[in-house]
Amino acid sequence: MKSKKAGWLLSFLKIGLIGFGGGTSLIPVIQQEMVENRKLVSKDDYDSDVIVASITPGALPVEISGCIGKRFAGARGMLLAALCIALPGSLATVILLSCMSVLDQSVLTQIELVAIGISAFIISMLTGYIKNAFKWAKEHDRLFIAIGIVLGVLVLNSGKSIFKVLGLFGIEGSPFLSISTVDILVVTFFVLLFTKCKFTIPKIIISTVLVIPYVLCVSKAHLIDNIYVLRSIQFIMLGLSCYGILSDDKDRKSLKKKVPVKPLIKEELAWLIFFVSLCTPAFFVYPEFLDFIGRGFVSSIISFGGGDAYLTVADSMFVSEDATATMISDDSFYSQIVTLVNVLPGSILCKTLTAVGYELGFQNGGGVLRGYLVALAGFVCSIVGSCSVVSLVQYFFKKIENFRVFEILKNWIKVIISGLLGSVILSLIFSSLKVTQGQSELTLIFALAELVGIYILNLVLVKFTKINAGLRVLISSILALIIGNIII
0 MKSKKAGWLL SFLKIGLIGF GGGTSLIPVI QQEMVENRKL VSKDDYDSDV
50 IVASITPGAL PVEISGCIGK RFAGARGMLL AALCIALPGS LATVILLSCM
100 SVLDQSVLTQ IELVAIGISA FIISMLTGYI KNAFKWAKEH DRLFIAIGIV
150 LGVLVLNSGK SIFKVLGLFG IEGSPFLSIS TVDILVVTFF VLLFTKCKFT
200 IPKIIISTVL VIPYVLCVSK AHLIDNIYVL RSIQFIMLGL SCYGILSDDK
250 DRKSLKKKVP VKPLIKEELA WLIFFVSLCT PAFFVYPEFL DFIGRGFVSS
300 IISFGGGDAY LTVADSMFVS EDATATMISD DSFYSQIVTL VNVLPGSILC
350 KTLTAVGYEL GFQNGGGVLR GYLVALAGFV CSIVGSCSVV SLVQYFFKKI
400 ENFRVFEILK NWIKVIISGL LGSVILSLIF SSLKVTQGQS ELTLIFALAE
450 LVGIYILNLV LVKFTKINAG LRVLISSILA LIIGNIII
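In numbering that gives the first Met the number 0, the protein residues as written are 0 to 487.
The set of hints was computed from the structure by calculation and includes no laboratory data.
Treat each hint with caution, since some may be false.
Below, computed lysine-lysine pairings styled on DSBU-like, alpha-carbon distance capped at 30 angstroms [what the hints assert, rightly or not]: (1) K134 with K409; (2) K137 with K409; (3) K42 with K13; (4) K397 with K202; (5) K219 with K163; (6) K465 with K130; (7) K137 with K219; (8) K398 with K257; (9) K195 with K134; (10) K219 with K202; (11) K202 with K137; (12) K409 with K397; (13) K265 with K397; (14) K398 with K409; (15) K397 with K197; (16) K130 with K195; (17) K409 with K42; (18) K134 with K159; (19) K163 with K433; (20) K265 with K13; (21) K195 with K42; (22) K197 with K134; (23) K42 with K219; (24) K38 with K397.
Across the chosen pairs, the derived CB separations fall in these ranges [unchecked claim]: (25) N225 with G293: 31 to 37 angstroms; (26) L391 with G469: 31 to 37 angstroms; (27) S173 with G127: 29 to 35 angstroms; (28) L165 with K137: 30 to 36 angstroms; (29) H221 with K261: 44 to 50 angstroms.
Here the structure is a predicted model, which is why all the values come from computation and not from measurement.
We treat Cβ as the ideally placed atom computed from N, Cα and C, and that holds for glycine.
Given the sequences, and given the hints that come with them, work out the whole structure.
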């Protein structure tokens, strides 16, 4: 039993070490390790955890890991799993941040070169996930619907990423329609919950009449720029989603299902004890501790839509033109923190809040020790803010998870995620090619060829060898480091 526990904890730690891309990109990685390789969690249980995490604000991979860990060892398992997946990247971020004054830019460049190889490995896993989603759809005679969903999500969600990549080649532009990950989930969840995949003419018409203006309201272009119209559409969509959930007599009867509240109370108390224990030192050394923690929690529980969305939230809550007792400077945030969180593994939310804590503790004569203590408080805040909320959401979800409509949602969640992964893949390509910024266009093409080559190598290794994921990551990293230093 102990070896089994150690096994799943080491699996989460491995994911935390190789989890480049964060957020949605780690859904296939966690599934590969925990469901397919280790067979520690069933596919149905994993899909349920993904659904719960997707509708909960906070750090997505931390929430999924916490839900899985809870299946093994309750509140303690939830805590350990969350720590294993979030700690490596956050620890590396704060260590490198504290060494920025003595580190040469070449050190960051070497990290970026290694990240190219790991990105190629991650992309190979993401495309494998997409392939499996289409395979499921084909087996259930839903292939054309699945292709339509993936393409629709890709078009609506990937515009910004496409133009970022094209911008590296001198092709400027901006997406006409581009909506966030959370809005994609709102649209797809609404359609699936309302229609239950029974696409009758009336349901198609109603869905179309609501979805099109909603997209026009929330898109980057804001073709409909009226908050009252948006709120009205959201209210109607919520009502119709509830109608879809409760329209089955059998499902309504299952609302009487009793879910014990004692485990929830135990989990929330565990998070409170964890928070108080590790944040107390920062309370005594940082006068603005309560202000920082308060804003940290708020930023976590309003963060939908992945890492890029959290960077926007963090900017509004912690960044000003000049550093103060409670704010960090633009220069510190964008030239140091944003750079580090984008090239290191793990949750962007956790890494960012940890780094912001370090900067606030360090500046104004606080010193490195105070910086580390406030960084620890920021890290703990990001974990507790994400996992305490997902525990609450999961408690209520258990009351309705057996509804037929959620069985449908479990079946289609892989297809929805596959559409979102298109944007993640493009972001990984952009991050990999950005290391050549300032170099010639030929160098950029060589870097792209390197990324594609290592990606193909990973596909070949998966198909024709029994080399495990850890060794593939090592091979990819070494190749990227060697080739990268040659081409730049």
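Checked hints:
no.	hint	verdict
1	K134 with K409	16 angstroms, holds
2	K137 with K409	16 angstroms, holds
3	K42 with K13	20 angstroms, holds
4	K397 with K202	28 angstroms, holds
5	K219 with K163	15 angstroms, holds
6	K465 with K130	20 angstroms, holds
7	K137 with K219	34 angstroms, violated
8	K398 with K257	7 angstroms, holds
9	K195 with K134	21 angstroms, holds
10	K219 with K202	27 angstroms, holds
11	K202 with K137	24 angstroms, holds
12	K409 with K397	14 angstroms, holds
13	K265 with K397	17 angstroms, holds
14	K398 with K409	16 angstroms, holds
15	K397 with K197	24 angstroms, holds
16	K130 with K195	24 angstroms, holds
17	K409 with K42	9 angstroms, holds
18	K134 with K159	28 angstroms, holds
19	K163 with K433	10 angstroms, holds
20	K265 with K13	28 angstroms, holds
21	K195 with K42	21 angstroms, holds
22	K197 with K134	21 angstroms, holds
23	K42 with K219	35 angstroms, violated
24	K38 with K397	23 angstroms, holds
25	N225 with G293: 31 to 37 angstroms	33 angstroms, holds
26	L391 with G469: 31 to 37 angstroms	35 angstroms, holds
27	S173 with G127: 29 to 35 angstroms	32 angstroms, holds
28	L165 with K137: 30 to 36 angstroms	32 angstroms, holds
29	H221 with K261: 44 to 50 angstroms	47 angstroms, holds
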